[in-house]
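Asks: Here is what each chain is made of, one letter per residue.
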Amino acid sequence: MTLLLNGCSYGYEWKDFPGYNLSQSGGSIARSVRTTIEWIVANGNPDYVFIPLTLTNRFEIAKIMEQNIPIEGPYITGGHTHYEIGAKLSDSCYLGWDYAFMYITLLSAWLDQRGVKHLIWDQANMFDRKDIQGFNGMEKLKLVEANPRIIPLFDFCGNQYMYDNGGEWDEDDSHLETNTRHYKNESYIILQEYLEKYMKDVLNEKVEWK
Amino acid sequence: MILLNGCSFGWAWQSFPGVNISKTGGSFYRSVRTTVEYCASNGNPNAVLIPITFIDRDEYITSISQDSIIEGPYSVSTASTELKQLNETFNMLSDTSYATWDRFFLTLTLFCAWLEKQNIKYIIWDQCNKFDKVHLTGYKAINKFKYIEENKNIVDLFNFCANQYMYDNGAIITDPRTKVPSQAHYEDQYYKVLANYLREYIKQHNLGIDL
Numbered sequence: 012m013t014l015l016l017n018g019c020s021y022g023y024e025w026k027d028f029p030g031y032n033l034s035q036s037g038g039s040i041a042r043s044v045r046t047t048i049e050w051i052v053a054n055g056n057p058d059y060v061f062i063p064l065t066l067t068n069r070f071e072i073a074k075i076m077e078q079n080i081p082i083e084g085p086y087i088t089g090g091h092t093h094y095e096i097g098a099k100l101s102d103s104c105y106l107g108w109d110y111a112f113m114y115i116t117l118l119s120a121w122l123d124q125r126g127v128k129h130l131i132w133d134q135a136n137m138f139d140r141k142d143i144q145g146f147n148g149m150e151k152l153k154l155v156e157a158n159p160r161i162i163p164l165f166d167f168c169g170n171q172y173m174y175d176n177g178g179e180w181d182e183d184d185s186h187l188e189t190n191t192r193h194y195k196n197e198s199y200i201i202l203q204e205y206l207e208k209y210m211k212d213v214l215n216e217k218v219e220w221k
Numbered sequence: 003m004i005l006l007n008g009c010s011f012g013w014a015w016q017s018f019p020g021v022n023i024s025k026t027g028g029s030f031y032r033s034v035r036t037t038v039e040y041c042a043s044n045g046n047p048n049a050v051l052i053p054i055t056f057i058d059r060d061e062y063i064t065s066i067s068q069d070s071i072i073e074g075p076y077s078v079s080t081a082s083t084e085l086k087q088l089n090e091t092f093n094m095l096s097d098t099s100y101a102t103w104d105r106f107f108l109t110l111t112l113f114c115a116w117l118e119k120q121n122i123k124y125i126i127w128d129q130c131n132k133f134d135k136v137h138l139t140g141y142k143a144i145n146k147f148k149y150i151e152e153n154k155n156i157v158d159l160f161n162f163c164a165n166q167y168m169y170d171n172g173a174i175i176t177d178p179r180t181k182v183p184s185q186a187h188y189e190d191q192y193y194k195v196l197a198n199y200l201r202e203y204i205k206q207h208n209l210g211i212d213l
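Protein chains in written order, with this note's numbering: chain Y, 12 to 221; chain L, 3 to 213.
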């Protein structure tokens, strides 16, 4: 059984994930979507795709003089200079959220179309509806909420769930909010068990975690 | 009901026989986003028609933004000098046009899958870019392009540009801003030329869209 995981450092920390782990530190949701597709085009369909959504304000830029490799292309992560410009271009969380909702809706449709089972969940954002109160142009959230392959975004956050259930984190992250800490590899069994139960209860599906 | 959603080149098609939510200065990402939003708000149309605008356009949310149903609080990147400059600065963070192409291919591929899952008929074509494959030479991680080439609902991007086609078939440039045929705005009457081309394409490829 081929399993594919593709998130940011929060996915990368799941060292014992029993499959291909394309997660990359500093990665954005756009990267998770983009490289999942590239990987599938290059390698064929996996049996299950897992996407832990990283922080929605992340984006990526391309530096072809620094990198030009398969799957990743010339995109680079890390460095925060461009976020200063990003902040000028968007004065609220709306853009990041709205595009996240749109891209996961589209990705889910693409994976469905190819017959690839998948599960998408928030890993670090801890979405709260009050942050988007009053915004127009967000009816697409209905499409997200109607999709059983997306764990209800306003009810579950992977990092917070690990914290609430005894997960241990890297000491260096102790100053961070519990939903943005990096948890130790051993703690990911907590997340795995949650995902396993969700897949069984909601999707009537099961994967072999080995 | 059929839905048209592009930029000013779509808006100029005033006699379009359906709902036209094209917007001047709009990006391809706006077309995708607002089409999804329109469907979520109003139900699915029978068919969606997307004339692809300049793919290096983007959209932002700033204090000058609007906030309306379907459109949300976005500003197009051409809305003001300040935004134009910011858009340029942002684009300059990359040292290549790769990201512009790749993001476009990615979004187009995903959007098509979504429309198909919704059972919405669609046709998508380049309106003004006049794409050339030479600009993709040497790029890696662009394999997703094969989905676009295989998709009969997307008019061959490298062999058809609607504005150029209208010009080549008699449209007259009255646009004071440009004399470049692929980038000029044409009067509504010349969209008959485009409509006829699309009708023939729809028929040949059995897309089932009543234009």
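Calculated from the structure, these hints are not laboratory results. From a predicted model like this one, the values you see are computed outputs, not experimental measurements. Heads up, some of the hints might be wrong.
What the hints assert, rightly or not - Derived pair list, reagent style EDC-like, types lysine to aspartate or glutamate, alpha-carbon separation capped at 20 Å:
| id | chain 1 | residue 1 | chain 2 | residue 2 |
| --- | --- | --- | --- | --- |
| 1 | L | 146 | Y | 123 |
| 2 | L | 148 | Y | 102 |
| 3 | Y | 74 | L | 151 |
| 4 | Y | 128 | L | 97 |
| 5 | Y | 99 | L | 212 |
| 6 | Y | 99 | L | 58 |
| 7 | L | 119 | Y | 156 |
| 8 | L | 123 | Y | 123 |
| 9 | L | 86 | Y | 179 |
| 10 | L | 86 | Y | 123 |
| 11 | Y | 99 | L | 84 |
| 12 | Y | 74 | L | 84 |
| 13 | Y | 141 | Y | 77 |
| 14 | Y | 74 | L | 97 |
| 15 | L | 119 | Y | 139 |
| 16 | L | 142 | Y | 95 |
| 17 | Y | 153 | L | 118 |
| 18 | L | 86 | L | 58 |
| 19 | Y | 141 | Y | 123 |
| 20 | Y | 128 | Y | 77 |
| 21 | L | 119 | Y | 123 |
| 22 | Y | 99 | Y | 156 |
| 23 | Y | 26 | Y | 212 |
| 24 | L | 135 | L | 118 |
| 25 | L | 123 | L | 97 |
Asks: Indicate, hint by hint, whether the structure satisfies it.
Replies: Against the structure, the hints come out as follows:
At roughly 16 Å between alpha-carbon atoms, residue 146 (chain L) and residue 123 (chain Y) fall within 20 Å of each other, so this suggested pair holds. For the hint linking residue 148 (chain L) to residue 102 (chain Y), the alpha-carbon distance of about 37 Å lies beyond 20 Å, and the restraint is violated. About 26 Å separates the Cα atoms of residue 74 (chain Y) and residue 151 (chain L), which puts this hinted pair outside 20 Å; it is violated. For the suggested pair residue 128 (chain Y) and residue 97 (chain L), the alpha carbons sit about 36 Å apart, so the restraint of at most 20 Å is broken.
Under the criterion of a C-alpha separation no larger than 20 Å, the hint pairing residue 99 (chain Y) with residue 212 (chain L) is inconsistent with the structure, at around 43 Å. For a cut-off of 20 Å, the pair hint linking residue 99 (chain Y) to residue 58 (chain L) stands: about 18 Å separates their Cα positions. Proposed proximity of residue 119 (chain L) and residue 156 (chain Y) is supported: the alpha carbons are some 16 Å apart, at most 20 Å. Between residue 123 (chain L) and residue 123 (chain Y), the direct Cα distance comes to roughly 18 Å. Compliance with the 20 Å bound is thereby established for this hinted pair.
Pair hint residue 86 (chain L) plus residue 179 (chain Y) does not hold up; C-alpha atoms about 46 Å apart against a cutoff of 20 Å. Restraint check for residue 86 (chain L) and residue 123 (chain Y): not satisfied, since their Cα atoms lie roughly 38 Å apart, outside the 20 Å limit. For the given pair, residue 99 (chain Y) sits about 10 Å from residue 84 (chain L) by alpha-carbon distance, which is consistent with the 20 Å threshold. Using a Cα cut-off of 20 Å, the hinted pair residue 74 (chain Y) and residue 84 (chain L) is violated, with the two alpha carbons roughly 25 Å apart.
The straight-line distance between the Cα atoms of residue 141 (chain Y) and residue 77 (chain Y) is roughly 41 Å, outside the 20 Å bound, and the hint therefore fails. Taking the CA atoms of residue 74 (chain Y) and residue 97 (chain L), the gap is near 5 Å; set against the 20 Å cutoff, the hint holds. The hinted pair formed by residue 119 (chain L) and residue 139 (chain Y) fails the criterion: a straight-line CA distance of about 29 Å is larger than 20 Å. For the hint linking residue 142 (chain L) to residue 95 (chain Y), the alpha-carbon distance of about 28 Å lies beyond 20 Å, and the restraint is violated.
Proximity of residue 153 (chain Y) to residue 118 (chain L) is assessed by CA-CA distance (about 18 Å); at most 20 Å being required, the pair is judged to hold. Of the supplied pair hints, the one linking residue 86 (chain L) and residue 58 (chain L) holds, its CA atoms being roughly 12 Å apart against a limit of 20 Å. Of the supplied pair hints, the one linking residue 141 (chain Y) and residue 123 (chain Y) is violated, its CA atoms being roughly 31 Å apart against a limit of 20 Å. Of the pairs offered as hints, the one joining residue 128 (chain Y) and residue 77 (chain Y) is violated, with about 35 Å between alpha carbons and a cut-off of 20 Å exceeded.
Straight-line distance between C-alpha atoms of residue 119 (chain L) and residue 123 (chain Y) comes to about 8 Å, which keeps the hinted pair within the 20 Å bound. A C-alpha spacing of about 30 Å is found between residue 99 (chain Y) and residue 156 (chain Y), which places the hinted pair above 20 Å, so the restraint is violated. A threshold of 20 Å between alpha carbons decides the hint, and for residue 26 (chain Y) with residue 212 (chain Y) the separation of about 26 Å lies outside it, so the pair is violated. As the CA atoms of residue 135 (chain L) and residue 118 (chain L) are separated by approximately 27 Å, the hinted pair breaks the 20 Å bound.
Restraint check: the Cα-Cα separation between residue 123 (chain L) and residue 97 (chain L) comes to about 37 Å, which exceeds 20 Å; the hinted pair is violated.
Violated hints, listed in ascending order, are 2, 3, 4, 5, 9, 10, 12, 13, 15, 16, 19, 20, 22, 23, 24 and 25; each of the other numbered hints is respected by the structure.
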